[in-house]
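Make the complex out of the two chains shown on their own, each in a separate frame, by following the hints.
Top line first, the protein sequences correspond to chains B and U.
Numbered according to my numbering, the first sequence spans residues 4 to 281.
Numbered according to my numbering, the second sequence spans residues 39 to 338.
If you're looking for bench data, these hints aren't it; they were derived computationally from the structure.
As the structure is a prediction and not an experimental result, all values here were calculated from the model.
Quick list of simulated restraints, FRET-style, between CB atoms: (1) B:Ala-170 with U:Ala-262: 57 to 67 Å; (2) B:Gly-107 with U:Gly-199: 33 to 43 Å; (3) B:Asp-277 with U:Arg-137: 22 to 32 Å; (4) B:Thr-269 with U:Arg-160: 57 to 67 Å; (5) B:Gln-141 with U:Lys-259: 29 to 39 Å; (6) B:Pro-189 with U:Asp-80: 47 to 57 Å; (7) U:Gln-121 with B:Ala-170: 50 to 60 Å; (8) B:Gln-141 with U:Asn-164: 28 to 38 Å.
Even for Gly, the Cβ is constructed at its ideal location relative to N, Cα and C.
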Amino acid sequence: MKKITHIGMLGWSLAVCAAVTVAAMVQAPSPHQQAYPEAPEGMVYVAGRQYQPLYTDPSDTTAQDVAPFFLDRYPVTNAAFLAFVQENPAWQRSQVKPIFADEGYLKHWRGDFDFGPDSLADRPVVNVSWFAARAYAQWKGRRLPTTAEWEVAAAASQTQPGDANDAEDRQRLLAWYSRPAAKTLPPVGSTTCNYWGVCGLHGLVWEWVEDFNAALVTGESRNNGDLDLALFCGSSVVGASDFEDYTAFLRFGFRSGLEARYTVRTLGFRSAADAPRL
Amino acid sequence: MNTFSLFSRLLLLALLPVFLTACQQVPPSEDIASARDVSAVDKVYEVRGRLVEIRQEGQSARIAHEAIPGYMAAMTMPFAVQQPSELEGLTSGDAIAFRLEVAGTSSWITGVTRLSEAEAARLVVNDEPSHSEPSDASLYGLEATWTNQKDQVIHLGSLRGRPVVLSMVFTHCSYACPLIVRDMKRLGAHLSASQQDQIQYVLISLDPERDTPEVLQRFAKGHALDEQQWTLLRGDAEQVRLLAALLGIRYREQADGQFAHTSLITLLNTEGEIAYQQKGLGSDNATATQTLEDMLALAP
Numbered sequence: 004m005k006k007i008t009h010i011g012m013l014g015w016s017l018a019v020c021a022a023v024t025v026a027a028m029v030q031a032p033s034p035h036q037q038a039y040p041e042a043p044e045g046m047v048y049v050a051g052r053q054y055q056p057l058y059t060d061p062s063d064t065t066a067q068d069v070a071p072f073f074l075d076r077y078p079v080t081n082a083a084f085l086a087f088v089q090e091n092p093a094w095q096r097s098q099v100k101p102i103f104a105d106e107g108y109l110k111h112w113r114g115d116f117d118f119g120p121d122s123l124a125d126r127p128v129v130n131v132s133w134f135a136a137r138a139y140a141q142w143k144g145r146r147l148p149t150t151a152e153w154e155v156a157a158a159a160s161q162t163q164p165g166d167a168n169d170a171e172d173r174q175r176l177l178a179w180y181s182r183p184a185a186k187t188l189p190p191v192g193s194t195t196c197n198y199w200g201v202c203g204l205h206g207l208v209w210e211w212v213e214d215f216n217a218a219l220v221t222g223e224s225r226n227n228g229d230l231d232l233a234l235f236c237g238s239s240v241v242g243a244s245d246f247e248d249y250t251a252f253l254r255f256g257f258r259s260g261l262e263a264r265y266t267v268r269t270l271g272f273r274s275a276a277d278a279p280r281l
Numbered sequence: 039m040n041t042f043s044l045f046s047r048l049l050l051l052a053l054l055p056v057f058l059t060a061c062q063q064v065p066p067s068e069d070i071a072s073a074r075d076v077s078a079v080d081k082v083y084e085v086r087g088r089l090v091e092i093r094q095e096g097q098s099a100r101i102a103h104e105a106i107p108g109y110m111a112a113m114t115m116p117f118a119v120q121q122p123s124e125l126e127g128l129t130s131g132d133a134i135a136f137r138l139e140v141a142g143t144s145s146w147i148t149g150v151t152r153l154s155e156a157e158a159a160r161l162v163v164n165d166e167p168s169h170s171e172p173s174d175a176s177l178y179g180l181e182a183t184w185t186n187q188k189d190q191v192i193h194l195g196s197l198r199g200r201p202v203v204l205s206m207v208f209t210h211c212s213y214a215c216p217l218i219v220r221d222m223k224r225l226g227a228h229l230s231a232s233q234q235d236q237i238q239y240v241l242i243s244l245d246p247e248r249d250t251p252e253v254l255q256r257f258a259k260g261h262a263l264d265e266q267q268w269t270l271l272r273g274d275a276e277q278v279r280l281l282a283a284l285l286g287i288r289y290r291e292q293a294d295g296q297f298a299h300t301s302l303i304t305l306l307n308t309e310g311e312i313a314y315q316q317k318g319l320g321s322d323n324a325t326a327t328q329t330l331e332d333m334l335a336l337a338p
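So here's chain U without its partners, still in its complex pose (with noise of 0.2 Å):
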């Protein structure tokens, strides 16, 4: 054989490893883990509820369901639904038992199961009526779950049907903060006894990791807010963007913990719809007064 030949046969071969690995496939990575972790479940509850809607094709449902003792009040409110082929031949008014999974802040249902007419017939729910889908406009729609100066874990939809004056602050801002609480107040200044009685006022912390439940707590104190008129809130971080970036604020973690953020101070209708939003401290309220009255004309 002519060594030329053997020569060139032999790069040829020489270069088939180069040929192959450059046609090879990168192979392909892992997509990152959903945000549903279940090794991070620290909760189950065993929970009874009836169905009111099914939306975004199973993914989320919307129930009105029994107390959950020691973790919620009996409200309405929507669940993440961890497969959403368990809602398969469910409709809206059937009773159901699911397994709510907490995780840290985030929450899912699995195992559901329709209730036997005889259970059905037990339950113990907030009856609302039929039309009580929160509007597009609403901020009740949003499905994530706050934890009150109590410790107790709140749906903001649990604020429906009463007006509401909301703020984002954090407790140990010591200039603009007390001002925006005192701002609040002053809405309400006017307003006869009986009217004053159906505002709801709202804090909800830009600074989670340090307004814990005691922190809020001893800021409700330190600011006699009566407790039943006053809800302070606070949530993970990502919840806390979204409900800023809703409410139109906007904020900054600095270096020395202290938090630049915008005053404002919205109010919204029985509906969870803002209604007014109020801006800057000791601003003229002549405006969101006149709001508030006009909505609490309008409550049942």
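Bound conformation, chain B alone (with noise of 0.2 Å):
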């Protein structure tokens, strides 16, 4: 009797053990992280790495120097913007100025303070034009990633740091933009997470970068500023620098529509920040 009893009692003990050790390790930043300088709330370290721009010159194949910099693990969320918004009413959905975003702003919220049920406080704020996106940014003394940040951060499997989405998992990220928006959008803490620790950035929603209007085509002469808006078609248009990463195209075809004003359903944005070099 004795016996049963302390075994009893060793089991249950380990069970808890093991259970809370999990539950450590999941809450523990990623082995990584513990390496990095640490980083503001809400946000993890990506490290410095090169980045090749999409469209180029041809002659032009020089890399860029990403330094490193800190990224907020998920997407802004409705709740987040909504304080936002509070502490700042010019950008109240009825006070905005139209030069700032488009009717669309904010229009899924039910009032100029109230994004709708709780449920929906987790989920990524979309409909925000860049220039609210930045103003969020700034108001937290933060900034928007650039479109190298972004990649460089995108390029990041769950495993590796970059360089290493193999074909399998590019299949997998085309398959998600290829399908049509969910019409709500899933809580941003249910999304995947990358080497980084950074969540959703494939598979959730189209995100603001500081400059989204640098994605334009470039002519053939290095001086030609006349702006080329020739659709591109992926892979065989000159001068893009890398052929397999079709999601990046999609995503530079994407940014490359857009206007500063611009509200889209499926458009949300994160922070960044500069990071101490190691």
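Written out as structure tokens, the structure reads:
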């Protein structure tokens, strides 16, 4: 009788131990993060690396050197954006200046200060313009990520920092990009996270970047200021640097069609900040 | 004591740190320092003026200020306020003194005090009618200041009152930008001399790093741009990106330092609102010219 009781106790304590350890592992930063500078609340560190811009002059093969940075773990949520609007009433839906946002601004909200049922609190905020996203980031003492930074973060798979999105990964990403947008966006916490601990970069919403209007197709001559609005057709366009990452083309195409005041049902954002080099 | 019992107690004891670690909160990290880095202040000015309007719950104040010698002419413009609480008790029309702190191209005001009646009477400001708040669609509501080819600090609001022909270029561009300048000059070619005198031409650099005031001045001279009518401006990278976004201009720096950019000439009315935009190089400028004439006819 005594033995059974003690085995029971041991079994119970082992079970609790296992559960708690698992919980600790899930909540603790990934092993990579522990070696890096501590990130501000809600952000993770992304190491610097080289980035090859998508459209360059054919003779220009220089990759960009992207410095390390901090990036929000998740896209900005309805709840977080509400806090911003409450403190910055100029960004209320009924008050926003038309030059800063079009008629679709926060149209999915119930009111100026009401994003709807509590269940929507942790969904990514959408229907926000570049100006609004930027204002939010600045309010938090941060900024929007550049295209290069966003793409560097997006190049990471779940286990590798970059350049390791193999054919299977790319197929999976492509599958998401080809699906119609979900009517209700899932909570940000339900998305997959990559090597850096950045979550929901693929498969959730498109995201604003600081230099979205740097997405333009250059002409042949370096000094040609004419904007060539010819539709791109994936990797068959002259000057494309990487023919395999089709989702990067999709993002480029999407960005090049945006104007700063546009709001889109599937376009949200997250913020970034400078980080020290190691 | 039963060894088994002892063992399980020891096990629990050994596991205690694990339990505690799991429950421990990750210490909150410091938030990124505010953009207002007071340690980067390189210029401080004592300024006087008249408070026109408090905005954004005290975070911004529109002030008609006196000339700041060596820095800025007298004008009415918005300022970022370091401590909104300093504006408590102040209302539109109050005469105030404040300290303007400048860190690079950022600036803000602090140390706001009310002037005495005698001091208020001595204020020398550009008086503006009370309905002078820039409209919602005006670009003159932007707080950012710029530096012109004479190394003077300019606020876009100083362009108010005259029609503006504006574009964004970079000076070491050898193809498109000279053509844009040519197209801008052409817009006023058919107008009378007195009409032409009223137009303000503005070029804003996409490449503030290389386009210093000296470089802008050389460019102006090289293209025979009359300094009475042509204002060439540079600002920091963020405000250039912001203005381009407002104008709908796309641009990107390439590895060799050249910029790929939209060719776009924008006409602003006397209130700084976009009246018309002409795309491309050497385009048919009939509509642009007509718009310009209409604006000149309306101007006081």
